[in-house]
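On the provided structure of chain A, position chain B as indicated by the hints.
Residues per chain are reported as follows:
Number of protein chains: 2
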Amino acid sequence: MANRHAFWMLRFTSWNRFHYNARMKTVNIILMGYGRVGQAFLRMAGEKRALLEDRHDLHLQFSTILELRGALHFPRPLSPDSILKDLSLVQSFRMSQYWRPGFDLVSALDKSAPGVLVDCTPSKAGNAMPESGYLHQAFERKWHVVTANKGPLVADLRGLVSKAKQNTVALKISGATAAALPTVDVGFYSLAGTRVYRIEGILNGTTNYILTRMSGGADYRDALKEAQEKGITEPDPSLDLEGWDTAFKLLLITNTVCDTDFTLDDVKVEGIMNMPGHLIREGREPHQALKLLGIFSREQEQPYLQVKPSILDSAHPLFGVNDTNKGITFFTDTMSTVTVTGGKSDPRGAAAALLKDIINIYR
Amino acid sequence: MANRHAFWMLRFTSWNRFHYNARMKTVNIILMGYGRVGQAFLRMAGEKRALLEDRHDLHLQFSTILELRGALHFPRPLSPDSILKDLSLVQSFRMSQYWRPGFDLVSALDKSAPGVLVDCTPSKAGNAMPESGYLHQAFERKWHVVTANKGPLVADLRGLVSKAKQNTVALKISGATAAALPTVDVGFYSLAGTRVYRIEGILNGTTNYILTRMSGGADYRDALKEAQEKGITEPDPSLDLEGWDTAFKLLLITNTVCDTDFTLDDVKVEGIMNMPGHLIREGREPHQALKLLGIFSREQEQPYLQVKPSILDSAHPLFGVNDTNKGITFFTDTMSTVTVTGGKSDPRGAAAALLKDIINIYR
Chain A
3 MANRHAFWML
13 RFTSWNRFHY
23 NARMKTVNII
33 LMGYGRVGQA
43 FLRMAGEKRA
53 LLEDRHDLHL
63 QFSTILELRG
73 ALHFPRPLSP
83 DSILKDLSLV
93 QSFRMSQYWR
103 PGFDLVSALD
113 KSAPGVLVDC
123 TPSKAGNAMP
133 ESGYLHQAFE
143 RKWHVVTANK
153 GPLVADLRGL
163 VSKAKQNTVA
173 LKISGATAAA
183 LPTVDVGFYS
193 LAGTRVYRIE
203 GILNGTTNYI
213 LTRMSGGADY
223 RDALKEAQEK
233 GITEPDPSLD
243 LEGWDTAFKL
253 LLITNTVCDT
263 DFTLDDVKVE
273 GIMNMPGHLI
283 REGREPHQAL
293 KLLGIFSREQ
303 EQPYLQVKPS
313 ILDSAHPLFG
323 VNDTNKGITF
333 FTDTMSTVTV
343 TGGKSDPRGA
353 AAALLKDIIN
363 IYR
Chain B
3 MANRHAFWML
13 RFTSWNRFHY
23 NARMKTVNII
33 LMGYGRVGQA
43 FLRMAGEKRA
53 LLEDRHDLHL
63 QFSTILELRG
73 ALHFPRPLSP
83 DSILKDLSLV
93 QSFRMSQYWR
103 PGFDLVSALD
113 KSAPGVLVDC
123 TPSKAGNAMP
133 ESGYLHQAFE
143 RKWHVVTANK
153 GPLVADLRGL
163 VSKAKQNTVA
173 LKISGATAAA
183 LPTVDVGFYS
193 LAGTRVYRIE
203 GILNGTTNYI
213 LTRMSGGADY
223 RDALKEAQEK
233 GITEPDPSLD
243 LEGWDTAFKL
253 LLITNTVCDT
263 DFTLDDVKVE
273 GIMNMPGHLI
283 REGREPHQAL
293 KLLGIFSREQ
303 EQPYLQVKPS
313 ILDSAHPLFG
323 VNDTNKGITF
333 FTDTMSTVTV
343 TGGKSDPRGA
353 AAALLKDIIN
363 IYR
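One line per chain: the protein sequences are A and B, in this order.
What the first sequence shows, in this note's numbering, is residues 3 to 365, in sequence order.
What the second sequence shows, in this note's numbering, is residues 3 to 365, in sequence order.
Extracted from the complex, chain A is given alone in its bound form (with noise of 0.2 Å):
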């Protein structure tokens, strides 16, 4: 009798998940770079399955791991956890029994039906500004994108935009512009039909965590110090110093919030590398703070993007983000400001902005 109440429970719970599965979507996932950003996504998809299935109703699994010179290719897709199983037991990514070299971008798009393009590749805006192509590659075969790579958005936010929608799929951007402190999500949800007229951000947290110590009394060089021995800085520092990070982080945001058309040649950029010491002396009077913001503004005739170390008041509802925190806050018709602070600055924070993306995505 026990034994046939267990055979109908195990009967019952089958039904459940099968009548369950109905709803679910299943979804092809390739991830291109595997550096920090990206082994916390695999291991954050991992980790979040039963809430995605349950509440989501999204089953993640991967295709294809690109790397350079070489991709891990499954021809039948695996759920993170079998990966990481996987590759647990070899000694490196190129040993698995998956590798495949010289397996490119163009082969993964192609081999698989299409999902999402999670882009976890490196930054390398700046002076050597990365194509935007690949990106375009994913749209034309019908994978959505969601990245943390700034560089092709820059360059080509407007095309990449019209391309995705015109193969009416969608490019999500939250790991580039701020990562887990929401800037283009709450202006695009939570802010519709509000004109934003004004946005000033504090973007960088190197920068901020440097000018939070040096508001304490600590001169730029032993900050900067300060920082690069806690691993704060990045290892070449100068796009965040010199304010270009912050520079991308807003081109983006307004051109995404506000609908406009902006180039970063439009952004007028200061950073925190030689600031006048009066302004450093100001930051350390009590009820001021230095910090270094990103400001959108069209409340003149002409519209200007800027990056500037500014004095804030104390009543300015940025004066409270010290440290390696972010913000940002928005200026808007008919909802007054509303400002976003916070948010995890790490490769886990920025893993969970592109999972964030993805659920949005299939909402």
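Simulated from the structure, these hints should not be mistaken for laboratory data.
Be aware that one or more of the hints could be misleading.
Copies of the same chain are indistinguishable here, so a pair counts whether it falls within one copy or spans any two.
[Stated by the list, open to error] Simulated crosslink set (DSBU-like; lysine-lysine; CA at most 35 Å straight-line): (1) 232 x 144; (2) 270 x 232; (3) 227 x 165; (4) 113 x 27; (5) 227 x 87.
Positioned in the frame of chain A, the structure of chain B alone reads:
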């Protein structure tokens, strides 16, 4: 020649317009309640017409405006501007040519193709919990609902959500959950994929105004009097002062964002009317602030919901939220804390939140 040129320009313009309208969705609106929020919503729908059409391909037209004991019913739905123009010609709402005494919600739902019911009726939650039945009727007739009315939601959120789902229509509640301060849609979109294990919110403008004054040295009576003289308080401020308004919003936000099923009985509520003296004194210390917090926590085995006056130190992300401003902090597993502050606290802000919800329904 000039005339012929003008003729072709006109044709060209019309063609463009025709071509454009092919993507346009025309949405019928029933506006329920024509108090301060309802009026602000009608006016804003008029002001925002161009933005709604150009950016969101949405054309809003009103089929009915419901009031107590009757309605303005427009057999052919009208634009906000036409209605406002028509109303400007009469001395009172009920003298309009469109006034139909006794015309009720069911008639309104049945006499027009389904669109969005915008509920701006005043919240009468608390002891006299209003029925949610009328919203069920809207869902059964395939109308979406966008609401600023907390009452039915507090009484029956789970039932309403499930009825909406059954009928594949949407229930959007930004207007009832701090309005222009984005709370539920930050939880829904921006924190998708995270586990929110704690929420702290300053969710009521009136009490925050009074506590801000008290932190500055005023006593409770004087601060309350000042708020009343400035028109910040409701005619009957007790729901605010006793903490119930905060409790309603906390309950709705928690159940929506965390997929929980708490009822009002689960919320332990303490207001600001009889605070112990030591709390008031601590709130006046430098680097400390006294705030009425709504708190949800599932950090311990026993989850809880609580409203209580609390001391924040200056590192808390809600520390600088003063006067009638509001704010909310979400504590998540993968994105760390995310805080949103600001958002206009008036009928216009509420109207903007209702409009935002409509836009997001039709994306």
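Verification of the supplied hints:
| no. | hint | verdict |
| --- | --- | --- |
| 1 | 232 x 144 | neither (42 Å within a copy, 57 Å between copies) |
| 2 | 270 x 232 | within (30 Å within a copy, 43 Å between copies) |
| 3 | 227 x 165 | neither (44 Å within a copy, 59 Å between copies) |
| 4 | 113 x 27 | within (19 Å within a copy, 38 Å between copies) |
| 5 | 227 x 87 | neither (39 Å within a copy, 66 Å between copies) |
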